[in-house]
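**Student:** Take the given structure of chain A and dock chains B, C and D to it, following the hints.
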Amino acid sequence: MSAIPLVPEPTAALPRLRSNEGLLSWVATVDHKQIGILYLITTIFFLLVGGLEAELMRIQLAQPRNTFLSPEAYNQLFTMHGTTMIFLVVMPILIGFGNYLVPLMIGARDVAFPRLNALSYWLLLFSGLLLYYSFIAGGAPDAGWFAYTPLSEKPYSTTPGLDYYAVGLLASGIGSVAAAINLIVTILTLRAPGMSLRRVPLFVWMVLFNSLLIVLALPSLNASLVMLLIDRQLNAHFFDALHGGQPLLWQHFFWSFGHPEVYIMVLPAFGMISEILPVFSRKPIYGYGFVAGSTIGIVVLSLLVYGHHMFASGLGFTLDLAFGLASMLIAVPTGVKIFNWLATVWGGAIRFTTAMCFALSFLFLFTMGGVTGVMFAIVPIDKELEDSYFVVAHMHYVLFGGTFFAVIAAFYYWFPKMSGRMLSERIGKINFWLMFIGFNLTFFIQHFLGWAGMPRRIYTYDNNPGWDWMNLVSTIGAVILAVGVLVFIVNVFVSLRRGAPAGDNPWNAWTLEWATTSPPPLYNFDQVPPVRSRRPLWDLAHPEQPDYQPPAGQGGHNQ
Amino acid sequence: MPDPQSPLAQASIDLFNGALLISTLIVLGVGGLLAYMMVRYRARSGAGEPTPDFGNHKLEIAWTIAPAILLTVIAVFTFPALRAQEVDTSKAAGGGTPDLIVIGHQWWWEIRYPQANVVTANELHLPTGRQLLVQLEGADVIHSLWIPQLAPKLDNVPGHTNWMWLRADRAGTYQGACAEYCGTQHAWMLIRAVAQAPADFDAWLRQQGAPAAAVPAGAAAQHGAQIFAQRTCISCHAIAGTAARAVVGPNLTHFASRQILAAGVLENNAANVTRWLRNPQSVKPGNLMPNVRLSDDELRDLTAYMESLR
Amino acid sequence: MIQAEQQLGARAGATPASDEAGREQLDRFAAMDPHKMGMVLFILSESVFFTLLILAYLLYRAAPAVANGPNAKTVLDIGLTAIFSACLFASSGTIWLADRSLARGRDGLFRFWLAATIGLGGIFIFGQGQEYYRLLTHNVTVSQNVFGTTFFTLTGFHGLHVIVGLIALLILLGLALAGQFKGGQHRAAVETIALYWHFVDAVWVVVFSVIYIGAWLS
Amino acid sequence: MTTTQLFMSTWRWDPTVLLGCAALLAAYAGLLRRLVPAALLFGAGVATLLLSLVSPIDTLGDTYLVSAHMVQHLLLLLIVPPLLLLGIPPQAGARLLAWAPARRLERVLSRPALAWVLAVSTIWVWHVPALYDAALADEGLHVVEHLCFLITATIFWWPVLHPVPARRLDVGAVLIYLVSAALASDLLGIIITFAPTGLYPPYLHPPNPHGVLTLLRDDWGLSPATDQQIAGVLMWIFGSLPYLAVILGTLARWLDEPEADLRVRAPGPALTEEA
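The listed protein sequences derive, respectively, from chains A, B, C and D. So in our numbering, the last spot in the first sequence is 568, and the numbers never skip. So in our numbering, the last spot in the second sequence is 312, and the numbers never skip. So in our numbering, the last spot in the third sequence is 225, and the numbers never skip. So in our numbering, the last spot in the fourth sequence is 764, and the numbers never skip.
If you are wondering where the hints come from, they were derived from the structure by calculation, not from laboratory data. Glycine included, every Cβ here is placed at the ideal spot set by N, Cα and C. Please note: incorrect hints may appear among the correct ones.
Output of the computed footprint for chain D on chain A, the stretches with three or more beta carbons under 8 Å from beta carbons of chain D [what the hints assert, rightly or not]:
| hint | region |
| --- | --- |
| 1 | 295–309 |
| 2 | 322–328 |
Non-contacting residues of chain C with respect to chain A, defined by C-beta distances greater than 12 Å in every case (computed) [what the hints assert, rightly or not]:
| hint | residue |
| --- | --- |
| 3 | A93 |
| 4 | S99 |
| 5 | D106 |
| 6 | D114 |
| 7 | E138 |
| 8 | Y140 |
| 9 | I178 |
| 10 | L182 |
| 11 | L184 |
| 12 | F215 |
| 13 | A222 |
| 14 | S225 |
Far from chain D, by Cβ distances over 12 Å, these chain C residues were calculated [stated by the list, open to error]:
| hint | residue |
| --- | --- |
| 15 | K43 |
| 16 | E53 |
| 17 | I125 |
| 18 | G136 |
| 19 | L143 |
| 20 | S150 |
| 21 | V171 |
| 22 | I174 |
| 23 | Q192 |
Excised from the complex, chain A in its bound form:
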């Protein structure tokens, strides 16, 4: 190359903003670690935005017939809350962790397509900005994150909000597919010698199948959004009942994406838990094969059960029954995972770090969300409770108590690797208890609200017996939860400056990312340790009792 490079070659793994490489090197980076961190910063920012929206909604709902928010404002807020949390927080935060960790865990230098990786990130950021630009461009989308037609069609949603929704999500959808392809190719082609697919850490395994699910499911969303956009912009009739279109087609297409999406938002979290529980129980994962194999069951089944989101739309007896049965079936592989995690902890030596506290509470909260999920597979129950606050509770137990608690656990676990400093355990415990109590206070009571007949997505309600105090409790819980999240942010800032130096492997963990420095050097490894089992660092530390079968043929365990 004879041209003068516009961007200086990075010399450090994480250039400081004030250094002369600074900002430019972050903007122009194609390094998976920097991009991963950009993902995490962006998603945490959107988490705060989406959280603020939720707090505003909870304030509005704190008492009956409250006039804190107008109905239009409330509807925009709940739409943006859902859209933000799903597309700008949970999904990309998991992709961000995947981006950062996968190459390290498999002993690779970077992802397969570093520039494509940067494109994925920037698409995410711009899709988020595009979505939020709608607030000043005439009104945010207000048809729910699911944008059911015909409510989302031009005659019923005249502001440009839905157009921003469609274009924004298309951009993020394309970015997600690109990121998923990148991760799959990375995992399949860039593993270090010895790192067979049977030996990859479970997080990598989950990311692999999660990415496959993204590749299969996201195009459904993209196609639906394209059709919606063509309807809105070119007066076409895909979902227009007046001209022979079918509004329910949107629901079929949207949920054929939307249900796999539920698993897209939880599989990598399963992977995180499968990494964290063993390390802090000091035992290998119990039944690697079952945890890994059940994932494939979930992936395949998740493509078949989307109809359970549509029971109330009048699918008819046959489809109701079929989707109900298939939805129940998917509980089996999910249950297997819970049992295996419990068995992993059983007989261990538990170290109650903040990461472990979040991981253990994940087990409990996800189980709660799981059993209410099975209830919704039982069609007659679903038809009573669908679209009530019971669903709100169920879904937050899965996505917040489940995925998000796992994500916070992951932050506590991998932050030392990313930054070279430990997150404060003292603040961490405060963070944990505030979030745990706040979360349960907010959402547990919503089961009862739904049971008492409160529909979701209403900006206010009449003073029915019990609704007022239950909503108030939920709002108080939401405030505590918000404080908990803020404590986490504070912890990050405090620990970045004053945290104890982490060292290479502060937790005595066993996977490859802990073999390199914290933070890792530009190309990740000076030297990749030999990979002869699922726990290469255990083998190094315990040559007398390695996980693999030594060739001499005595002691040890297979794999």
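**Tutor:** Below, chains B, C and D without anything else, positioned relative to chain A:
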């Protein structure tokens, strides 16, 4: 939830109670196990690494199959409830007339009794002890009729007819709502179901079938009727027996006999009617009824007319 | 320990010379070309996208609004489109020939077949353009009825993919003329684009069958 | 007629079917020489084959219910061939392939891409209404249809459940091979589910030779619309489960096998040098 008042809702509730029991046991089991392990397996200083345990296929197969069996049992129980709740659409669509047609509008319910030629809004009457076949339609966007104590919910989809059963076994008033998000005023799209003894129901139906008086009693009400005809009211609303025949807004023929106003925002009484007519947009922001800007006198007289529509 | 590993390696055959070798003998995936794998995954996701567009077309094929308004049977010129389609189908063959020529190191032939592929693809796009022009001037539009909606969306997105493919092929041709593929270098790039081109072609096989042959049979 | 009577009286012991099953068993016995546990699987396969072709499933599927016909097809496609293949123990498989014609046939047919296209297109083509209805009208054609299903499905499952386990596809290939096939038949199931009622017109107003139509329509509640939907979801949702089961089985086997054959690079200077 208030007690279910029909076998249709009861079927769901029974299943729910069963599922709740099982779920509670599972959650308590997992929680208890976690608590036990947290105490029992707390890391103790000085102790070495615990013995690695890589799994046990027999155990794992057992905890794969056990939930599968449990779910199969649940599925078996689901079948009859589902069968009882769902209308066989192919038969309903071909066969008889529905007892009731419920049409969801942006943000009110239109209720038609096709056999009696009665049209009303936001208040559904039904005779006790009879299972009614209900036809659901959506006029604009998707709505969902949900009266938790009487039946499972079902959507009102534009361009797609749905059929459901509705039944109440005990007389009383039951709250319902639109359960599918339908836009700005989704929150105030409530419905009231009034279950009456069959004789009372028949009387109600007869009364609702009668047209309104062409000339109401009282000077104020008569003036109110004029206002109704001259201002924009008549371009959206129908009152049987008068020149008002528009079908955009709720049919007002027996307006004053209804319990709720504007799909549940207000109780239906004279004071609230005045308040509503003064500025519907301040009472239910975003609803499709414009502010007609009536003077105080006009308000008084129009209210009197509305109150005469019993 | 190192000794033990070397023994293990020796038993399996050879000692890996480099990272790449150590990696590739892991399993079949590790030995694959990342670009081609990425393209296959991209094609997978695009297949889902087109499947939904095709399902929407199928759903509305028999709708009353379509039976009474313009529909595939009444407005499409099946014969003419068949000719243009044949060009697209043939271009799959020419790109295969281009790749084979490259593999055999026959640069001139490679450039010829590449240009032929572009030409055939261009003819197809021209054909689609004139069909669109005819339909639009006869007031068959995307907002006319659900046939128009689904027809233009499906064929339009396919056309868009053809155009993207043509741009990629033109870039390949430019690179070829600049001598980038001399002696069979960078063949993976050609193969990756060829995969995409075959996919675009395969989609048209389905679309042509569903829309045109379906109309002809009905 | 009651349900019990229906299930008792509509068995159709077609001699060609019986003969075919007997021939299968005889060939198997000749191959096997000695009874092994796997014979149970082969037996179950033959029993399922018999059940799908002579039981009321066949009678109902021939005349009354497209859903019953779908059950029959799914059994022939997804249950019978896997059971038969799993029932051939490795030694017997090796013996079979030692026979030159079998080996030559296998070399041609066991290419996964060919097998996939053959099987999937067979399923799709026979469910095109014109052909499907023709098979219903003509018993001979119907037999051809079922033979097509059996043979192509056996070819399809062969690379996955090869009697000699060492010659099966590896797990990654199995995953791609089976998931793609499952999705391809899901798509057909989706189309059948949502197609207007009467996709296969003969089932709209079936002749009623056994007098069971009122039983099916009223007591079982199977209107033509419901019937077609059931057929669709059987293929769409439940038809995917056998594929999933085989995937998980293959995966389990793979995860459990030792990895001693994997070569391991000696630790040394790694990834930093070459760009």
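**Student:** Which constraints among the numbered hints does this structure fail? Numbers only, ascending.
**Tutor:** Checked against the structure, no hint fails, so every one of them is satisfied.
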